[in-house]
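Asker: Sequence:
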Amino acid sequence: MLSLRTSSRSLAQSIAAPASRRAVSSLVANPAVRPSLPSSARSNASHRPQTALTAAMGATRLSHHSGESTVRPPADKVMQDIADYVHNYEIKSDLAYSTARLCLIDTIGCGLEGLRVSEECRALMEPIVPGTTVPNGTKVPGTPFQMDPVRGAFAIGTQIRWLDFNDCSSLPLPPDACFLAAEWGHPSDNLGAILAVADYLSRSGEPLKMRDVLTAMIKAHEIQGCMALKNSFNRVGLDHVILVKLASAAVVSQMLGLTRDQTVDVISQVFVDGQSLRTFRHAPNTGSRKSWSAGDACMRAVHLALQVKRGQMGIPTVLTAKTWGFYDVLFKGQEFKFQRPYGSYIMENVLFKISFPAEFHAQTAAEGAHILHKQLKEMGKSSDDIKSVKIRTQEAAIRIIDKSGPLDNFADRDHCIQYMVAVPLIYGRLTTEDYSDKVAADPRIDALRDKMYCVEDKQFTSDYHSPDKRYISNGLTVTLNDGTVLPEVHIDFPVGHKNRREEGTPLLNAKFERHIKPHFDSAHVDKILKVVGDQSALENLSVKEFSDLFHKP
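So the sequence shown is numbered by UniProt numbering: it starts at 1 and just counts up by one.
Each hint should be verified, as a subset may be incorrect.
[Claimed, not checked] Straight-line Cα separation of at most 16 Å, EDC-like style, residue types lysine to aspartate or glutamate; simulated pairs:
id, residue 1, residue 2
1, Lys-530, Glu-513
2, Lys-77, Asp-261
3, Lys-387, Asp-446
4, Lys-92, Asp-81
5, Lys-374, Asp-384
6, Lys-390, Glu-456
7, Lys-451, Asp-384
8, Lys-451, Asp-482
9, Lys-387, Glu-488
10, Lys-527, Asp-548
11, Lys-390, Asp-457
12, Lys-403, Asp-450
13, Lys-451, Asp-385
14, Lys-309, Asp-261
15, Lys-544, Asp-212
16, Lys-381, Asp-482
17, Lys-209, Asp-482
18, Lys-458, Glu-395
[Unchecked claim] Here are the computed distance ranges between Cβ atoms for each label pair:
id, residue 1, residue 2, range
19, Val-531, Asn-409, 34 to 42 Å
20, Leu-95, Thr-259, 46 to 54 Å
21, Arg-444, Val-531, 40 to 48 Å
22, Val-329, Lys-458, 45 to 53 Å
23, Pro-74, Val-531, 31 to 39 Å
24, Ala-523, Phe-338, 45 to 53 Å
25, Glu-433, Met-313, 44 to 52 Å
26, Arg-514, Thr-259, 40 to 48 Å
27, Glu-545, Leu-507, 35 to 43 Å
In short, the hints are calculated from the structure, not lab data. We treat Cβ as the ideally placed atom computed from N, Cα and C, and that holds for glycine.
Working from the sequences, and respecting the hints, build out all of it.
Answerer: Below, the structure is given as structure tokens:
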């Protein structure tokens with residue numbers, strides 16, 4: 001009976017509630033029908049407990065003033081600045097275009113080398129539906145595949161990044177270069193989206209030339225690099241490929257014929273998109289996703305641009321919206337900072353990985369290890385005689401590639417400075433194959449890794465961030481078992497650095513030739529080298545003719 005009475009009372013209350021709410025609404029909407037109170041009652045009203053009716057009325061009045069405004073504001077300035085740069089800025093730097101040519105061939109070569117050495121990489125090139133061929137679609141270098149530009153962007157972007165042998169963005173240098181700053185990255189990753197869209201458009205009747213591709217590369221480098229100079233995404237757990245998605249989306253929007261305002265819309269879609277975490281780049285979760293994450297970013301960039309081209313709207317304050325915007329949700333409430341306006345600085349200063357397929361913060365350490373291997377050999381010694389190795393380095397290297405413990409795969413090894421120093425100390429080399437399970441099984445490598453320790457040098461860190469230097473310094477000091485301490489081998493910047501450009505360019509050309517030879521006969525190799533070696537000839541080549549050079553029917 002008690003539960004029945006309780007249920008009946010609850011039922012009566014629920015039936016009465018809508019009527020009460022209607023009465024409250026009527027009172028609020030029609031002041032004339034509100035009951036009048038005696039003056040004494042009015043004067044004492046503030047001292048009485050609030051009734052349900054007055055509470056409801058108060059709540060109604062409050063919500064009338066605190067709801068979300070539906071007035072659509074102007075787009076965030078950061079996005080407008082990028083769109084203005086893409087659509088209105090003219091690249092006039094001959095240095096930027098000549099460096100972009102080097103970047104182009106180096107990046108294509110890195111992709112072809114990735115295909116050669118990795119069955120896993122080759123498997124990711126295939127269309128989602130086996131056997132699919134898209135008429136007038138994107139041709140994927142080094143393969144027989146021709147696919148839609150979205151999937152094509154993934155395939156090209158993935159092969160480019162597979163070996164971590166293309167350019168770097170954390171410091172200024174060229175093509176297979178790196179660009180060192182608050183955020184690192186590889187601006188040439190954007191070629192995955194750029195070439196996929198350009199080839200697709202070229203085969204669909206657009207008269208695109210390779211100079212258009214070089215221009216898009218320069219601008220993509222600039223967007224990614226300028227964003228990276230002062231904004232650290234890794235410190236909030238986000239992967240740097242967000243900048244590949246951003247830069248690629250911006251430049252392919254212009255290539256696809258979108259307006260300046262539509263490009264702003266595309267950029268807003270990039271920031272509202274779910275962003276890639278860095279989990280897969282750090283122990284104990286390091287894995288192969290790091291090799292296709294840039295391809296995924298290229299794919300998303302092209303997809304979002306095509307969505308807007310088909311009429312989808314943008315999100316004007318996606319960065320600055322309180323609570324729901326990118327800054328509040330993903331960037332700890334901080335706004336983006338910028339060191340310089342957009343121009344052509346990044347491409348002019350991009351950093352190439354010429355000598356070794358190694359994470360860029362370890363390039364000078366690997367070079368130093370080669371020098372020490374030679375010294376040990378001249379002394380009649382070997383790595384077996386080493387007692388310890390001190391690695392003096394920058395803070396970024398310690399944070400990213402200072403690792404101990406088992407290295408289970410290629411991805412672990414090419415992001416471990418101890419591994420990248422141990423191999424050349426033992427063998428006098430560091431090649432792509434040296435990250436394989438077969439080479440890693442040599443017990444001398446892990447034994448030597450255990451004898452190494454990293455120490456941050458504050459000056460190295462300062463020089464790393466200095467806009468006038470952009471050094472990637474490493475110093476190696478080897479102590480032998482007999483107590484002999486070899487002089488430190490200290491190198492500030494690798495051969496791919498802008499300050500060593502004259503020395504590096506012939507080596508970069510040789511690297512490209514080495515990467516294309518396994519894929520084509522000698523006559524075709526000569527044809528490729530002749531075309532890409534001439535700046536003017538390359539710039540005037542149609543995009544589809546360029547892509548045909550690297551396609552394998």
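Asker: Does each hint hold? Answer for all of them.
Answerer: Hints and how they fare:
1. Lys-530 x Glu-513: holds, 11 Å
2. Lys-77 x Asp-261: Holds, at roughly 12 Å.
3. Lys-387 x Asp-446: Holds - the C-alpha atoms of Asp-446 and Lys-387 are around 14 Å apart, at most 16 Å.
4. Lys-92 x Asp-81: violated, 19 Å
5. Lys-374 x Asp-384: holds, 14 Å
6. Lys-390 x Glu-456: Roughly 11 Å between the alpha carbons, so the hint for Lys-390 and Glu-456 holds.
7. Lys-451 x Asp-384: At roughly 11 Å apart (the allowed maximum being 16 Å), Asp-384 and Lys-451 satisfy the hint.
8. Lys-451 x Asp-482: Holds: Lys-451 and Asp-482 sit about 15 Å apart, inside 16 Å.
9. Lys-387 x Glu-488: Since the Cα atoms of Lys-387 and Glu-488 sit roughly 15 Å apart, the hinted pair holds (cutoff 16 Å).
10. Lys-527 x Asp-548: holds, 12 Å
11. Lys-390 x Asp-457: holds, 12 Å
12. Lys-403 x Asp-450: holds, 10 Å
13. Lys-451 x Asp-385: Given pair Lys-451, Asp-385 holds - Cα atoms ~11 Å apart, limit 16 Å.
14. Lys-309 x Asp-261: Given pair Lys-309, Asp-261 holds - Cα atoms ~11 Å apart, limit 16 Å.
15. Lys-544 x Asp-212: holds, 12 Å
16. Lys-381 x Asp-482: Holds, at about 11 Å.
17. Lys-209 x Asp-482: Judged against 16 Å, a Cα distance of about 63 Å means the pair is violated.
18. Lys-458 x Glu-395: Holds, at roughly 8 Å.
19. Val-531 x Asn-409: 34 to 42 Å: At roughly 37 Å between Cβ atoms, Asn-409 and Val-531 fall inside 34 to 42 Å, so the hint holds.
20. Leu-95 x Thr-259: 46 to 54 Å: violated, 31 Å
21. Arg-444 x Val-531: 40 to 48 Å: Roughly 45 Å apart at Cβ, these two residues keep to the hinted range, so it holds.
22. Val-329 x Lys-458: 45 to 53 Å: violated, 34 Å
23. Pro-74 x Val-531: 31 to 39 Å: 46 Å Cβ-Cβ, so the 31 to 39 Å window is violated.
24. Ala-523 x Phe-338: 45 to 53 Å: holds, 49 Å
25. Glu-433 x Met-313: 44 to 52 Å: With Cβ atoms ~50 Å apart, the hint holds.
26. Arg-514 x Thr-259: 40 to 48 Å: Holds: the Cβ-Cβ distance is about 43 Å, inside 40 to 48 Å.
27. Glu-545 x Leu-507: 35 to 43 Å: violated, 28 Å
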